[in-house]
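Novice: Sequence:
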Amino acid sequence: MHVLVSGSMMNTGHSVIFTVDNDTRHHINVTGGPLSYKYQFQEIHIHYGLHDQFGSEHSINGYAFPAEVRTLTLSSFIQ
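Mind the numbering: the sequence shown is residues 1 to 79 in my numbering, read in order.
Derived from the structure by calculation, the hints contain no laboratory data.
Glycine included, each C-beta is placed from N, C-alpha and C at the ideal position.
Hints may be right or wrong, so weigh each one.
[To be verified] Quick list of the computed label-pair ranges, beta carbon to beta carbon:
| hint | residue 1 | residue 2 | range |
| --- | --- | --- | --- |
| 1 | 59 | 25 | 22 to 30 Å |
| 2 | 35 | 58 | 17 to 25 Å |
| 3 | 50 | 76 | 34 to 42 Å |
| 4 | 69 | 33 | 27 to 35 Å |
| 5 | 37 | 6 | 21 to 29 Å |
| 6 | 28 | 67 | 29 to 37 Å |
| 7 | 10 | 59 | 19 to 27 Å |
| 8 | 9 | 40 | 14 to 22 Å |
| 9 | 35 | 3 | 17 to 25 Å |
| 10 | 54 | 22 | 32 to 40 Å |
| 11 | 33 | 5 | 20 to 28 Å |
| 12 | 16 | 60 | 20 to 28 Å |
Let the sequences and hints guide you as you build the complete structure.
Specialist: Structure, rendered in structure tokens:
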């Protein structure tokens, strides 16, 4: 299924952030699995660095990664 959403994109120099417009016609919802509520997609952050080992904000066993992707969702129950 393809859903078109409107939004804005910003490059901060260390991440690219896409934010969905509040008045977008369609919304992307995340549901199922262990989730008790429906969550509405709001933003996606793609963090990157100038060097392969310094892009991620987090590390695993001391190892950093070239990039990291994080999504921001809000519970539709509390909106």
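Novice: Against this structure, judge whether each hint is valid.
Specialist: Comparing the hints with the structure gives:
Look at residue 59 against residue 25: about 39 Å separates their beta carbons, and that is not inside 22 to 30 Å. Between residue 35 and residue 58, the C-beta spacing of about 22 Å keeps the proposed range 17 to 25 Å intact. For residue 50 and residue 76, the hinted distance range of 34 to 42 Å is satisfied, since their beta carbons lie about 38 Å from each other. Take residue 69 and residue 33: their Cβ atoms lie about 19 Å apart, and the range 27 to 35 Å is violated.
Judged by the Cβ atoms, the range 21 to 29 Å given for residue 37 and residue 6 holds: they are separated by roughly 24 Å. A hinted range of 29 to 37 Å is violated for the C-beta pair residue 28 and residue 67, which are about 21 Å apart. In this structure the supplied range 19 to 27 Å holds for residue 10 paired with residue 59, their Cβ-Cβ distance being about 25 Å. With their beta carbons about 19 Å apart, residue 9 and residue 40 fall inside the hinted range of 14 to 22 Å.
Checking the proposed 17 to 25 Å range against residue 35 and residue 3 shows it holds: the Cβ atoms sit about 19 Å from each other. Evaluation of the 32 to 40 Å hint for residue 54 and residue 22 yields a pass: the beta carbon distance comes to about 34 Å. A C-beta distance of roughly 22 Å is found between residue 33 and residue 5, which places it inside the suggested range of 20 to 28 Å. Between residue 16 and residue 60, the C-beta spacing of about 22 Å keeps the proposed range 20 to 28 Å intact.
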